[in-house]
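Asker: From first to last, the protein sequence lines stand for chains Y and W. If you want the working numbering, it's the position in the first sequence, counting the first as 1, plus 21. If you want the working numbering, it's the position in the second sequence, counting the first as 1, plus 21.
A hint or two may mislead.
To be verified - Derived DSBU-like pairs: lysine-lysine, alpha-carbon spacing no greater than 30 Å straight-line: (1) W/Lys353 / Y/Lys300; (2) Y/Lys79 / W/Lys124; (3) W/Lys27 / Y/Lys158; (4) Y/Lys158 / W/Lys79; (5) W/Lys333 / Y/Lys23.
To be verified - Stretch by stretch, here's where chain Y covers chain W in the computed footprint (C-beta under 8 Å, at least three residues): (6) 71–80; (7) 96–105; (8) 111–119; (9) 134–141; (10) 150–158; (11) 297–304.
Because the hints were derived from the structure by calculation, they are not lab data. Built from N, CA and C at the ideal position, the CB exists for glycine as well.
There are 2 protein chains.
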Amino acid sequence: MKTTIKQVAEKAGVSIATVSRVINGFENVNAETRERIMKVVAELKYTPNLAARGLIMKRTEAIGLLLPDLHGEFFSEVIRGVDEAVQRQQYHLLVSSSHNDTKEIEAALRFMRGRVDAIIVMSPQVDSDLLLSNLPKGLPVVLLNCHLNNPHFDSIVIDGFGGARDMVSYLLGIGHTRIAVIKGGENNLESQERLRGYRTAFINHGMTYNKSLEFDGDFTEASGYEAAREVLELEERPTAIFAFNDSMAVGAIGAIREAGLRIPNDISVCGFDDIPVAKYLSPSLTSVHVPIHDLGVMAVNRVFDRLQNKGKTSAAHILVPTTLQIRTSCRKITVQQNQSKEESSR
Amino acid sequence: MKTTIKQVAEKAGVSIATVSRVINGFENVNAETRERIMKVVAELKYTPNLAARGLIMKRTEAIGLLLPDLHGEFFSEVIRGVDEAVQRQQYHLLVSSSHNDTKEIEAALRFMRGRVDAIIVMSPQVDSDLLLSNLPKGLPVVLLNCHLNNPHFDSIVIDGFGGARDMVSYLLGIGHTRIAVIKGGENNLESQERLRGYRTAFINHGMTYNKSLEFDGDFTEASGYEAAREVLELEERPTAIFAFNDSMAVGAIGAIREAGLRIPNDISVCGFDDIPVAKYLSPSLTSVHVPIHDLGVMAVNRVFDRLQNKGKTSAAHILVPTTLQIRTSCRKITVQQNQSKEESSR
DNA sequence: GCATAAAATGTAAACGTTTACATCGAACAT
DNA sequence: ATGTTCGATGTAAACGTTTACATTTTATGC
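Generate coordinates for the entire structure from the input sequences, incorporating the hints supplied.
Answerer: Right, dumping it as structure tokens:
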């Protein structure tokens with residue numbers, strides 16, 4: 022079965038301490054002894070059990086990343102950023118998924134305990150109590166987009182409010198006033214922030230938002246498709262649909278196509294996140310650009326700041342700004358169209 | 022810092038064995054004692070150190086997955102399949118990346134040792150010696166697309182040869198005879214298998230393949246873009262490009278667009294893998310469909326077969342068939358065009 | 001050759017957990 | 001009251017590794 026340090030020591034005729042010294046690069050070992058041990062190590066194909074090592078050293082040189090899901094372009098981009106930054110530090114990355122379930126968050130956190138030196142959590146369902154109950158005191162934790170204000174944990178949050186406000190301002194600026202929105206779920210804080218941004222843009226333009234243009238989705242492509250079908254059934258069709266993420270925008274595009282309508286000629290569509298697929302769509306999707314990859318890098322940088330300063334730095338709370346990536350899925354509406362629509366809605 | 026079982030035992034006034042019995046659901050503990058312990062556990066927020074537990078129990082209920090990279094749609098789909106199947110078995114999934122580097126493969130394998138009960142490896146650079154040197158004897162290993170024939174390890178391989186042959190047969194069947202190919206790299210076995218399929222299709226049609234239509238790429242979008250630019254510079258432009266993966270096909274599409282050509286009117290394009298983005302492209306990409314997600318599920322099923330039968334089953338070697346996903350990026354060429362082209366190439 | 005210092009190596013305990021076997025206490029039978 | 005059995009609990013050793021301190025060996029100086 023597994024070769025242990027004891028077997029190497031026995032065969033090399035030395036103590037386990039000496040084998041450990043050789044394995045870990047201590048210089049106080051005679052060259053001849055060293056060679057003899059290395060030879061046995063190679064012969065027996067010994068590799069240390071890092072779990073046992075972690076137990077005694079109380080550190081593992083690994084970072085945990087807990088995501089709601091492991092697939093999909095958004096998370097894939099987060100992972101890419103985290104992975105690059107962790108690798109740069111020559112640490113290992115442990116990726117796990119909570120499947121958006123509180124029980125599974127607990128299970129994943131428990132599993133990571135003793136196995137990671139810090140943990141990055143990106144999960145909407147997470148709360149302080151859950152973290153404090155399941156993680157050792159002092160373990161560095163960086164929250165990604167968790168909308169959780171706790172002074173113990175670093176947090177990095179996308180400015181969903183600002184992004185949505187800017188997108189809607191852009192749409193209003195190119196003449197749209199009847200803008201439907203596909204939300205992300207009643208209890209989702211991100212969705213609530215984006216909705217607030219949507220409404221704020223109207224107010225900032227001296228206009229009122231229309232609640233009957235707010236539709237429910239759950240951030241999946243299928244829910245975007247369904248919501249868009251409802252939008253298209255309205256007596257007075259909106260001139261634009263703003264989906265709170267790109268996957269729902271993709272679904273909305275499908276429904277619009279099926280209805281025999283053209284984008285953006287008949288109706289404009291835009292999304293949020295600017296995941297890689299956005300530029301491949303036809304027409305290419307206008308989207309609130311989130312520096313997803315950079316999110317991951319930032320999280321890792323916070324982690325290493327914490328690890329290297331051993332509690333001497335206080336938790337940072339970073340709001341990550343978004344930008345608009347204007348492509349071809351939205352078009353300007355002329356003033357005549359605009360005015361007639363505004364009068365009829367009042 | 023961390024609460025240990027000793028602290029719980031002390032506060033509850035029992036031995037660590039009794040605490041362990043309660044934590045692990047043994048019934049031979051008095052109800053009153055049990056309650057007292059559970060109360061202390063909650064109060065001290067004790068969670069077991071699973072690394073220590075794994076040391077004594079010699080199993081961790083975790084499966085390792087080693088991929089060349091963690092991002093990108095292909096790997097994201099593999100992860101999705103693996104994650105679902107592992108979760109179904111109530112095990113944990115540890116995902117790690119080798120970045121296509123032998124040293125990093127070794128480091129990742131060493132890191133997983135003692136932390137996983139089995140490991141799924143998907144890495145072109147892997148060889149038997151590497152695995153045997155870095156993993157404990159008896160640890161179940163499932164190879165995904167490694168083109169490595171070793172009787173100790175289960176392996177699951179995509180039928181790249183058959184898929185490429187079928188795609189090229191399809192292209193030949195709709196009139197294309199000048200079919201350029203964008204390969205995946207000189208040392209890549211997958212690319213070599215697909216090239217063999219490409220050539221076999223010509224032979225099966227009683228035709229000869231043309232080596233000057235074989236271009237080098239490295240499975241990235243950028244390399245597909247460059248290769249396609251070379252293709253388009255040929256004096257006699259091919260009527261179709263077959264890229265050995267979808268990412269390179271995406272790159273090729275970009276180059277074709279830049280050259281002011283239309284797909285499929287001026288030139289047809291097809292890819293391999295049928296990753297999710299394929300259907301969003303314009304025109305939607307014709308691609309060799311690989312059941313990526315199912316690959317992951319199959320690998321996990323093999324793992325659990327091995328774990329539950331404790332060496333009593335022999336290694337399985339599965340060749341996974343592909344299908345063609347015909348979309349709109351390829352078009353039929355008429356017979357007159359076809360014949361004149363064939364005569365001039367002879 | 002002896003004493004001292006430095007280098008090399010070994011011993012024992014630690015890390016946090018699990019559990020086989022030992023021990024103790026309670027209940028029951030005689 | 002004594003002996004036996006069963007249930008509850010504790011003790012000690014294990015898992016594989018690291019390392020502080022102890023011990024041994026080697027090299028150097030007189």
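Asker: Verify the coverage statement for the segment 111–119 of chain W against chain Y, using a C-beta to C-beta distance below 8 Å and requiring 3 or more qualifying residues.
Answerer: holds (count 6)
Asker: Does Y/Lys23 lie within 30 Å of W/Lys333 when you go C-alpha to C-alpha?
Answerer: Answer holds: W/Lys333 to Y/Lys23 is near 19 Å, not above 30 Å.
Asker: Cut-off 8 Å, C-beta pairs, minimum 3 residues; does the coverage of the segment 150–158 of chain W by chain Y stand?
Answerer: Per the Cβ count (5), the hint holds.
Asker: Between Y/Lys79 and W/Lys124, is the straight-line Cα distance small enough, at 30 Å or below?
Answerer: The hint holds at about 25 Å.
Asker: Under the criterion that the straight-line Cα-Cα distance not exceed 30 Å, is the pair W/Lys353, Y/Lys300 satisfied?
Answerer: holds, 28 Å
Asker: Count the residues of the segment 71–80 of chain W whose CB lies closer than 8 Å to any CB of chain Y, then report whether that count reaches three.
Answerer: With 5 residues in contact (Cβ-Cβ under 8 Å with chain Y), the coverage given for the segment 71–80 of chain W holds.
Asker: Quick check: do three or more residues in the segment 134–141 of chain W have a beta carbon closer than 8 Å to a beta carbon of chain Y?
Answerer: Check passed, 3 qualifying residues.
Asker: Straight-line Cα separation of Y/Lys158 and W/Lys79 no greater than 30 Å?
Answerer: Distance of about 27 Å is within 30 Å: holds.
Asker: Taking 8 Å as the Cβ threshold, is the statement that the segment 297–304 of chain W is covered by chain Y upheld or broken by the three-residue rule?
Answerer: holds (count 5)
Asker: With a cut-off of 30 Å on the C-alpha distance, tell me whether W/Lys27 and Y/Lys158 pass.
Answerer: holds, 17 Å
Asker: Are three or more residues of the segment 96–105 of chain W within 8 Å, CB to CB, of chain Y?
Answerer: holds (count 6)
Of the hints listed earlier, there is not a single one the structure fails to meet.
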